[in-house]
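Visitor: Using our numbering, the letters of the sequence shown map in sequence onto residues 1472 to 1841.
Keep in mind the hints are simulated off the structure, nothing from the lab. It cannot be assumed that every hint is accurate.
Claimed, not checked - Using C-beta positions, here's what the derived DEER-type ranges look like: (1) 1664 / 1519: 22 to 32 Å; (2) 1527 / 1492: 40 to 50 Å; (3) 1662 / 1696: 45 to 55 Å; (4) 1663 / 1590: 45 to 55 Å.
Every residue, glycine too, gets a C-beta built ideally from N, C-alpha and C.
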Amino acid sequence: MFEKRLSVDSPAEASPRPFPQTHIHAVGLVCAAGDQLYALLGAVGTNLSCAIPHPVLTVPNSEGEEGAALFAPVPGLELHSGREERIAELALHALGTALAECRDVLSGHRVLVSTFLPPMAEEDISDLEALLREEIPALNNAILRFSSCEEGVVAALESLCVELASGTWEAVIFGGVDSLVGIENCRELLRQGRLMAPHCAAGVFPGEAAAYLVLQADRADEDSTRPCATLIAASQAPEPHAGQGGDKKMNGLAQALTEAADRSKIRFAEVGEVVLTLSTETANQLEWHQTLMCLWPTVGEVSPGESPIDPQILRLHSTLGELGAATLPLALALGCARFEFEHPRRSSILVAHGGGEVPLRGAVCLRSPE
(Lines of atoms letter the chains of each structure in order from A and count residues from 1; the text may use other names and numbers.)
(Lines give C-alpha, C1' and ligand atoms only; values in the text may rest on other atoms or scores of the structure.)
Protein backbone atom coordinates (compact mmCIF):
# COMPACT_ATOMS: atom_id res chain seq x y z
CA MET A 1 0.00 0.00 0.00
CA PHE A 2 2.83 2.40 0.85
CA GLU A 3 5.02 2.53 -2.24
CA LYS A 4 8.73 3.14 -2.70
CA ARG A 5 9.05 3.95 -6.38
CA LEU A 6 12.57 5.28 -6.74
CA SER A 7 13.83 2.05 -8.27
CA VAL A 8 11.05 2.17 -10.85
CA ASP A 9 11.25 5.83 -11.73
CA SER A 10 15.00 6.45 -11.56
CA PRO A 11 16.50 8.76 -14.20
CA ALA A 12 18.54 5.92 -15.69
CA GLU A 13 15.35 4.09 -16.60
CA ALA A 14 13.37 7.10 -17.84
CA SER A 15 11.98 6.61 -21.33
CA PRO A 16 12.88 9.11 -24.09
CA ARG A 17 9.29 9.07 -25.35
CA PRO A 18 7.52 12.43 -25.80
CA PHE A 19 5.84 13.79 -22.71
CA PRO A 20 2.06 13.27 -22.82
CA GLN A 21 0.44 16.67 -22.47
CA THR A 22 -1.82 16.65 -19.43
CA HIS A 23 -4.36 19.25 -18.32
CA ILE A 24 -4.75 20.51 -14.75
CA HIS A 25 -8.49 21.09 -14.37
CA ALA A 26 -8.78 21.99 -10.69
CA VAL A 27 -6.59 22.75 -7.70
CA GLY A 28 -7.18 22.38 -3.99
CA LEU A 29 -4.66 23.64 -1.46
CA VAL A 30 -4.09 24.73 2.10
CA CYS A 31 -0.94 26.32 3.54
CA ALA A 32 0.13 29.12 5.88
CA ALA A 33 -0.92 31.64 3.19
CA GLY A 34 -4.48 30.27 3.10
CA ASP A 35 -6.43 28.04 0.73
CA GLN A 36 -6.92 30.28 -2.30
CA LEU A 37 -4.69 30.47 -5.38
CA TYR A 38 -4.67 34.27 -5.41
CA ALA A 39 -3.55 34.36 -1.76
CA LEU A 40 -0.73 31.91 -2.47
CA LEU A 41 0.46 33.96 -5.46
CA GLY A 42 0.15 37.22 -3.55
CA ALA A 43 2.23 35.96 -0.65
CA VAL A 44 4.97 34.36 -2.75
CA GLY A 45 4.97 37.05 -5.44
CA THR A 46 5.55 39.81 -2.88
CA ASN A 47 8.18 37.80 -0.97
CA LEU A 48 5.99 37.82 2.13
CA SER A 49 7.15 35.40 4.81
CA CYS A 50 4.43 33.49 6.62
CA ALA A 51 6.87 32.53 9.39
CA ILE A 52 5.93 33.40 12.96
CA PRO A 53 7.96 33.19 16.20
CA HIS A 54 8.03 29.76 17.81
CA PRO A 55 6.41 29.86 21.27
CA VAL A 56 9.13 27.71 22.87
CA LEU A 57 12.33 27.40 20.82
CA THR A 58 14.99 30.06 20.45
CA VAL A 59 18.01 30.26 18.16
CA PRO A 60 21.04 32.60 18.20
CA ASN A 61 21.43 35.16 15.43
CA SER A 62 24.71 36.20 13.79
CA GLU A 63 25.59 38.34 16.83
CA GLY A 64 24.96 35.44 19.18
CA GLU A 65 21.79 36.95 20.61
CA GLU A 66 18.94 34.53 21.26
CA GLY A 67 15.63 35.09 19.49
CA ALA A 68 12.51 33.06 18.85
CA ALA A 69 12.93 30.42 16.17
CA LEU A 70 10.63 30.67 13.15
CA PHE A 71 8.01 28.28 11.80
CA ALA A 72 4.93 28.52 9.57
CA PRO A 73 1.97 26.50 10.84
CA VAL A 74 -1.43 26.59 9.12
CA PRO A 75 -3.85 28.66 11.21
CA GLY A 76 -6.72 26.71 12.75
CA LEU A 77 -4.86 23.49 13.48
CA GLU A 78 -3.85 24.39 17.03
CA LEU A 79 -5.89 21.53 18.52
CA HIS A 80 -4.06 18.92 16.41
CA SER A 81 -0.67 18.39 17.98
CA GLY A 82 0.39 15.17 16.26
CA ARG A 83 1.95 15.15 12.78
CA GLU A 84 -0.43 12.44 11.54
CA GLU A 85 -3.48 14.37 12.79
CA ARG A 86 -2.35 17.56 11.07
CA ILE A 87 -1.59 15.70 7.83
CA ALA A 88 -5.09 14.19 7.89
CA GLU A 89 -6.77 17.59 8.35
CA LEU A 90 -4.64 19.20 5.65
CA ALA A 91 -5.32 16.39 3.17
CA LEU A 92 -9.04 16.44 3.83
CA HIS A 93 -9.27 20.20 3.25
CA ALA A 94 -7.18 20.31 0.05
CA LEU A 95 -8.62 17.17 -1.56
CA GLY A 96 -12.18 18.18 -0.74
CA THR A 97 -11.63 21.60 -2.33
CA ALA A 98 -10.11 20.14 -5.50
CA LEU A 99 -12.98 17.69 -6.00
CA ALA A 100 -15.63 20.30 -5.23
CA GLU A 101 -14.32 22.33 -8.17
CA CYS A 102 -14.42 19.32 -10.51
CA ARG A 103 -17.32 17.15 -9.34
CA ASP A 104 -17.84 15.32 -12.63
CA VAL A 105 -14.39 13.71 -12.41
CA LEU A 106 -15.50 11.19 -9.80
CA SER A 107 -18.44 9.99 -11.90
CA GLY A 108 -16.07 7.54 -13.61
CA HIS A 109 -14.78 4.27 -12.21
CA ARG A 110 -11.13 4.65 -13.24
CA VAL A 111 -10.04 7.50 -10.99
CA LEU A 112 -6.78 7.44 -9.07
CA VAL A 113 -6.04 9.64 -6.07
CA SER A 114 -2.25 9.60 -5.70
CA THR A 115 -0.97 11.17 -2.48
CA PHE A 116 2.69 11.64 -1.61
CA LEU A 117 3.45 11.57 2.10
CA PRO A 118 6.40 11.58 4.46
CA PRO A 119 7.33 8.15 5.88
CA MET A 120 4.40 7.05 8.04
CA ALA A 121 3.32 3.90 9.85
CA GLU A 122 1.01 1.58 7.93
CA GLU A 123 -1.74 2.03 10.51
CA ASP A 124 -1.59 5.81 10.16
CA ILE A 125 -1.95 5.51 6.39
CA SER A 126 -4.92 3.18 6.83
CA ASP A 127 -6.51 5.69 9.22
CA LEU A 128 -5.94 8.48 6.68
CA GLU A 129 -7.56 6.49 3.88
CA ALA A 130 -10.54 5.63 6.09
CA LEU A 131 -10.99 9.29 7.05
CA LEU A 132 -10.87 10.50 3.44
CA ARG A 133 -13.41 7.91 2.31
CA GLU A 134 -15.69 8.67 5.24
CA GLU A 135 -15.62 12.44 4.83
CA ILE A 136 -15.69 12.40 1.00
CA PRO A 137 -18.16 9.62 0.06
CA ALA A 138 -17.58 10.17 -3.65
CA LEU A 139 -14.14 8.62 -3.19
CA ASN A 140 -15.73 5.20 -2.78
CA ASN A 141 -15.38 4.64 -6.54
CA ALA A 142 -11.77 5.84 -6.62
CA ILE A 143 -8.46 4.06 -6.09
CA LEU A 144 -6.40 5.68 -3.33
CA ARG A 145 -2.63 5.28 -3.61
CA PHE A 146 -0.21 6.52 -0.94
CA SER A 147 3.47 6.81 -1.79
CA SER A 148 6.65 7.93 -0.08
CA CYS A 149 8.99 9.02 -2.83
CA GLU A 150 9.88 12.67 -2.38
CA GLU A 151 13.15 11.98 -4.18
CA GLY A 152 11.42 10.60 -7.26
CA VAL A 153 8.26 12.66 -7.29
CA VAL A 154 8.90 14.35 -10.67
CA ALA A 155 9.48 11.00 -12.37
CA ALA A 156 6.42 9.63 -10.57
CA LEU A 157 4.34 12.53 -11.92
CA GLU A 158 5.48 11.74 -15.45
CA SER A 159 4.52 8.09 -14.96
CA LEU A 160 1.04 9.16 -13.90
CA CYS A 161 0.70 11.33 -17.01
CA VAL A 162 1.74 8.35 -19.16
CA GLU A 163 -0.91 6.19 -17.46
CA LEU A 164 -3.52 8.86 -18.13
CA ALA A 165 -2.58 9.11 -21.80
CA SER A 166 -2.73 5.32 -22.21
CA GLY A 167 -6.24 5.17 -20.80
CA THR A 168 -5.38 3.43 -17.55
CA TRP A 169 -7.20 6.19 -15.70
CA GLU A 170 -9.97 8.61 -16.66
CA ALA A 171 -8.54 11.10 -14.18
CA VAL A 172 -5.71 11.32 -11.66
CA ILE A 173 -5.83 13.51 -8.58
CA PHE A 174 -2.15 14.16 -7.84
CA GLY A 175 -1.26 15.55 -4.44
CA GLY A 176 1.11 15.76 -1.53
CA VAL A 177 0.71 16.44 2.18
CA ASP A 178 3.22 17.09 4.93
CA SER A 179 3.66 18.85 8.25
CA LEU A 180 7.09 19.70 9.65
CA VAL A 181 6.04 22.14 12.38
CA GLY A 182 6.07 19.59 15.20
CA ILE A 183 8.35 20.27 18.15
CA GLU A 184 10.52 17.20 17.51
CA ASN A 185 11.31 18.21 13.95
CA CYS A 186 12.00 21.80 15.00
CA ARG A 187 14.34 20.61 17.74
CA GLU A 188 16.21 18.38 15.30
CA LEU A 189 16.77 21.31 12.94
CA LEU A 190 17.96 23.35 15.91
CA ARG A 191 20.39 20.57 16.91
CA GLN A 192 21.76 20.55 13.36
CA GLY A 193 22.23 24.32 13.42
CA ARG A 194 19.85 24.76 10.48
CA LEU A 195 16.83 26.40 12.11
CA MET A 196 16.36 29.95 10.85
CA ALA A 197 16.94 32.81 13.27
CA PRO A 198 14.94 36.06 13.13
CA HIS A 199 16.19 38.63 10.60
CA CYS A 200 18.40 36.04 8.86
CA ALA A 201 18.21 35.31 5.14
CA ALA A 202 19.60 31.78 5.35
CA GLY A 203 18.41 28.71 7.19
CA VAL A 204 15.26 26.63 7.41
CA PHE A 205 11.90 27.34 8.95
CA PRO A 206 9.44 24.42 9.05
CA GLY A 207 6.07 24.69 7.38
CA GLU A 208 3.13 22.50 6.43
CA ALA A 209 0.78 22.25 3.46
CA ALA A 210 -1.35 20.09 1.22
CA ALA A 211 -2.16 20.45 -2.47
CA TYR A 212 -4.09 18.32 -4.97
CA LEU A 213 -4.32 18.76 -8.74
CA VAL A 214 -7.03 17.17 -10.89
CA LEU A 215 -5.25 15.83 -14.00
CA GLN A 216 -6.82 14.59 -17.24
CA ALA A 217 -5.30 13.60 -20.56
CA ASP A 218 -5.25 15.94 -23.53
CA ARG A 219 -8.03 14.62 -25.78
CA ALA A 220 -8.76 16.85 -28.77
CA ASP A 221 -11.93 14.93 -29.65
CA GLU A 222 -13.62 15.68 -26.34
CA ASP A 223 -15.21 18.88 -25.14
CA SER A 224 -13.80 19.96 -21.79
CA THR A 225 -13.66 22.98 -19.58
CA ARG A 226 -10.77 25.40 -19.83
CA PRO A 227 -7.90 23.98 -17.76
CA CYS A 228 -5.89 25.90 -15.17
CA ALA A 229 -2.66 24.91 -16.95
CA THR A 230 -1.16 22.15 -19.08
CA LEU A 231 1.81 19.98 -18.13
CA ILE A 232 3.98 19.79 -21.26
CA ALA A 233 7.30 18.40 -20.02
CA ALA A 234 9.07 16.95 -16.99
CA SER A 235 12.56 15.72 -16.35
CA GLN A 236 14.67 14.42 -13.50
CA ALA A 237 18.46 14.30 -13.10
CA PRO A 238 20.93 13.17 -10.42
CA GLU A 239 22.92 15.64 -8.37
CA PRO A 240 26.05 13.92 -7.01
CA HIS A 241 27.17 17.00 -5.06
CA ALA A 242 23.89 17.78 -3.29
CA GLY A 243 24.37 20.25 -0.45
CA GLN A 244 27.91 21.19 -1.57
CA GLY A 245 27.19 24.31 -3.60
CA GLY A 246 29.92 26.24 -1.81
CA ASP A 247 32.84 24.27 -3.23
CA LYS A 248 31.45 21.96 -5.94
CA LYS A 249 30.09 22.47 -9.44
CA MET A 250 26.43 21.42 -9.39
CA ASN A 251 24.82 20.40 -12.68
CA GLY A 252 21.74 18.37 -11.71
CA LEU A 253 19.15 21.14 -11.65
CA ALA A 254 20.49 22.76 -14.82
CA GLN A 255 20.37 19.36 -16.55
CA ALA A 256 16.79 18.70 -15.47
CA LEU A 257 15.67 22.19 -16.55
CA THR A 258 17.47 21.89 -19.89
CA GLU A 259 15.85 18.53 -20.64
CA ALA A 260 12.40 19.83 -19.71
CA ALA A 261 12.91 22.91 -21.89
CA ASP A 262 14.09 20.77 -24.80
CA ARG A 263 11.08 18.46 -24.50
CA SER A 264 8.70 21.41 -24.41
CA LYS A 265 10.57 23.20 -27.23
CA ILE A 266 10.99 26.47 -25.37
CA ARG A 267 14.10 28.63 -25.02
CA PHE A 268 15.30 29.89 -21.66
CA ALA A 269 15.31 33.43 -23.05
CA GLU A 270 11.52 33.05 -23.45
CA VAL A 271 10.87 31.84 -19.90
CA GLY A 272 9.69 34.72 -17.77
CA GLU A 273 8.86 32.85 -14.57
CA VAL A 274 10.47 30.10 -12.50
CA VAL A 275 8.89 28.52 -9.43
CA LEU A 276 11.86 27.59 -7.24
CA THR A 277 11.60 24.99 -4.49
CA LEU A 278 15.23 25.00 -3.35
CA SER A 279 15.33 25.89 0.33
CA THR A 280 16.74 29.10 1.76
CA GLU A 281 19.84 27.42 3.16
CA THR A 282 23.15 28.85 1.96
CA ALA A 283 24.20 25.73 0.01
CA ASN A 284 20.94 25.78 -1.95
CA GLN A 285 21.19 29.48 -2.67
CA LEU A 286 24.67 28.89 -4.09
CA GLU A 287 23.33 25.99 -6.16
CA TRP A 288 20.61 28.18 -7.64
CA HIS A 289 23.14 30.90 -8.42
CA GLN A 290 25.19 28.36 -10.39
CA THR A 291 22.07 27.21 -12.23
CA LEU A 292 20.96 30.76 -13.02
CA MET A 293 24.36 31.72 -14.43
CA CYS A 294 24.40 28.54 -16.54
CA LEU A 295 20.96 28.85 -18.10
CA TRP A 296 20.29 32.61 -18.12
CA PRO A 297 23.64 34.13 -19.20
CA THR A 298 24.78 37.67 -18.69
CA VAL A 299 24.59 40.23 -21.49
CA GLY A 300 28.11 39.46 -22.72
CA GLU A 301 27.29 35.76 -23.15
CA VAL A 302 23.99 36.11 -25.00
CA SER A 303 23.91 34.78 -28.55
CA PRO A 304 23.59 37.32 -31.41
CA GLY A 305 19.99 38.42 -31.88
CA GLU A 306 18.91 37.10 -28.48
CA SER A 307 17.92 39.47 -25.72
CA PRO A 308 18.81 38.54 -22.14
CA ILE A 309 15.80 37.99 -19.90
CA ASP A 310 16.11 37.56 -16.16
CA PRO A 311 13.14 35.41 -15.16
CA GLN A 312 11.07 36.33 -12.15
CA ILE A 313 11.79 33.80 -9.40
CA LEU A 314 8.89 32.70 -7.20
CA ARG A 315 10.62 31.33 -4.09
CA LEU A 316 8.17 28.96 -2.45
CA HIS A 317 10.21 28.15 0.67
CA SER A 318 11.00 31.80 1.42
CA THR A 319 7.29 32.33 2.01
CA LEU A 320 5.99 29.01 3.34
CA GLY A 321 9.06 27.27 4.75
CA GLU A 322 10.01 23.63 4.28
CA LEU A 323 7.04 21.64 2.98
CA GLY A 324 8.42 18.14 2.50
CA ALA A 325 6.16 15.86 0.46
CA ALA A 326 3.76 18.71 -0.33
CA THR A 327 6.40 20.77 -2.15
CA LEU A 328 5.96 19.77 -5.80
CA PRO A 329 2.13 19.77 -5.88
CA LEU A 330 2.09 23.17 -4.19
CA ALA A 331 4.69 24.50 -6.64
CA LEU A 332 2.50 23.38 -9.54
CA ALA A 333 -0.49 25.04 -7.88
CA LEU A 334 1.56 28.25 -7.67
CA GLY A 335 2.24 27.99 -11.40
CA CYS A 336 -1.50 27.71 -12.05
CA ALA A 337 -2.08 30.77 -9.88
CA ARG A 338 0.48 32.76 -11.87
CA PHE A 339 -1.35 32.06 -15.13
CA GLU A 340 -4.46 33.68 -13.68
CA PHE A 341 -2.52 36.93 -13.27
CA GLU A 342 -2.35 38.65 -16.65
CA HIS A 343 0.13 41.49 -16.06
CA PRO A 344 2.51 40.54 -17.47
CA ARG A 345 1.04 37.47 -19.11
CA ARG A 346 3.14 34.30 -19.10
CA SER A 347 2.88 31.60 -21.77
CA SER A 348 5.10 29.10 -19.94
CA ILE A 349 6.49 28.56 -16.45
CA LEU A 350 9.27 26.28 -15.27
CA VAL A 351 9.18 24.59 -11.87
CA ALA A 352 12.68 23.91 -10.51
CA HIS A 353 12.39 21.18 -7.89
CA GLY A 354 14.81 19.78 -5.34
CA GLY A 355 17.15 20.82 -2.62
CA GLY A 356 19.28 19.90 0.32
CA GLU A 357 21.01 16.54 0.44
CA VAL A 358 18.40 14.74 -1.69
CA PRO A 359 20.48 13.48 -4.66
CA LEU A 360 17.95 14.22 -7.41
CA ARG A 361 16.73 17.39 -9.09
CA GLY A 362 13.60 17.80 -11.19
CA ALA A 363 11.90 20.22 -13.55
CA VAL A 364 8.34 20.56 -14.82
CA CYS A 365 7.16 22.87 -17.59
CA LEU A 366 3.67 24.36 -17.45
CA ARG A 367 1.92 26.04 -20.38
CA SER A 368 -0.76 28.68 -20.14
CA PRO A 369 -4.29 27.40 -20.88
CA GLU A 370 -4.63 29.95 -23.68
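Visitor: Starting from the hint list further up, note which numbers the structure goes against and sort them upward.
Guide: Of the numbered hints given earlier, the structure breaks just one, which is hint 4.
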